[in-house]
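*Asks:* Sequence:
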Amino acid sequence: MNLANNITGKVVVITGASSGLGETTARLLASKGANVVLGARREENLIKITNEINSELNGKAVYLKTDVTKKDDVQALIEKAVSEFGKIDVLINNAGLMSIAPMDQLKIDEWESMIDINIKGVLYGIAATLPIFQKQESGHFINISSVAGIKIFSPGGTVYSGTKYAVRAISDGLRHEVGGKIRTTTIEPGAVDSELKYGSSHKESSDFVTDFYKNAIPSDSIARAIVYAIEQPADVDINEIVIRPTVQEF
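Positions 1 to 250 (this note's numbering) are the ones given, in order, by the sequence shown.
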């Protein structure tokens with residue numbers, strides 16, 4: 001069986017698509033024949049990526065400026081995908097924020113931002129897309145969690161870990177509730193080279209994260225795992241993939 005044929009023509013919506021993992025995944029999927037719909041806040045990046053996919057990769061890409069903390073923005077992104085391509089096959093809930101600081105620093109604004117982006121952003125994506133998947137009787141949710149959603153990253157990452165544990169729980173519950181014809185995959189990366197490491201305003205924590213990420217693996221490592229999950233036959237549901245640098249201990 002040529003599994004690559006299971007990607008050609010699929011419509012894939014990606015949040016957080018203006019850089020890093022989201023951008024790399026969009027380019028890889030487009031190169032394999034997927035139609036990609038890109039959402040993120042930085043429109044100038046989206047324009048550049050979309051133009052390059054359409055011209056250099058001979059792919060099909062559209063974008064919509066999207067803030068995943070606003071449910072109307074996420075709804076509009078999903079509606080654009082359906083308007084452009086008539087369906088959605090995959091939603092990749094990728095947008096995320098990692099703000100590392102000890103709890104006693106009381107970075108409450110950052111806690112709220114992580115909850116809004118990492119948890120509510122995923123829920124808004126599910127809410128906008130699930131009715132379409134149910135009507136189609138097919139679809140695939142891919143939610144980006146973290147190894148910090150498997151083991152608490154502390155001190156400093158307690159709230160971040162809490163949000164990523166939530167993504168795992170939501171994903172597994174969703175799989176149980178809607179499985180049968182709708183697939184659900186949770187991706188749990190370790191240190192990956194992306195802008196995620198720049199999310200901390202607490203200097204000591206930021207310095208630690210920068211040092212920790214010296215051994216980060218490239219974002220295409222995760223993109224290939226996403227491709228693997230998508231290209232499986234419809235009766236195969238890859239539920240969970242954990243990917244770390246070989247030298248990462250947790």
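I should point out that these hints are in silico values taken from the structure, not numbers from a laboratory.
Quantities reported herein were computed from a predicted structural model and do not represent experimental measurements.
Honestly, I wouldn't trust all of these hints.
Pair by pair, the computed Cβ-Cβ distance ranges are [said to hold, decoys possible]:
no.	residue 1	residue 2	range
1	109	215	27 to 33 Å
2	104	195	33 to 39 Å
3	51	155	42 to 48 Å
With a straight-line cut-off of 25 Å between C-alpha atoms, the simulated PhoX-like cross-links for lysine-lysine are [said to hold, decoys possible]:
no.	residue 1	residue 2
4	107	135
5	107	87
6	135	10
7	48	65
8	48	10
9	87	65
10	151	80
11	203	214
12	32	71
13	135	151
14	71	135
15	80	181
Ideal Cβ positions, reconstructed from N, Cα and C, are used throughout, including at glycine.
*Asks:* Looking at the structure, which of the earlier hints fail to hold?
*Replies:* 2, 4, 5, 10, 12, 13
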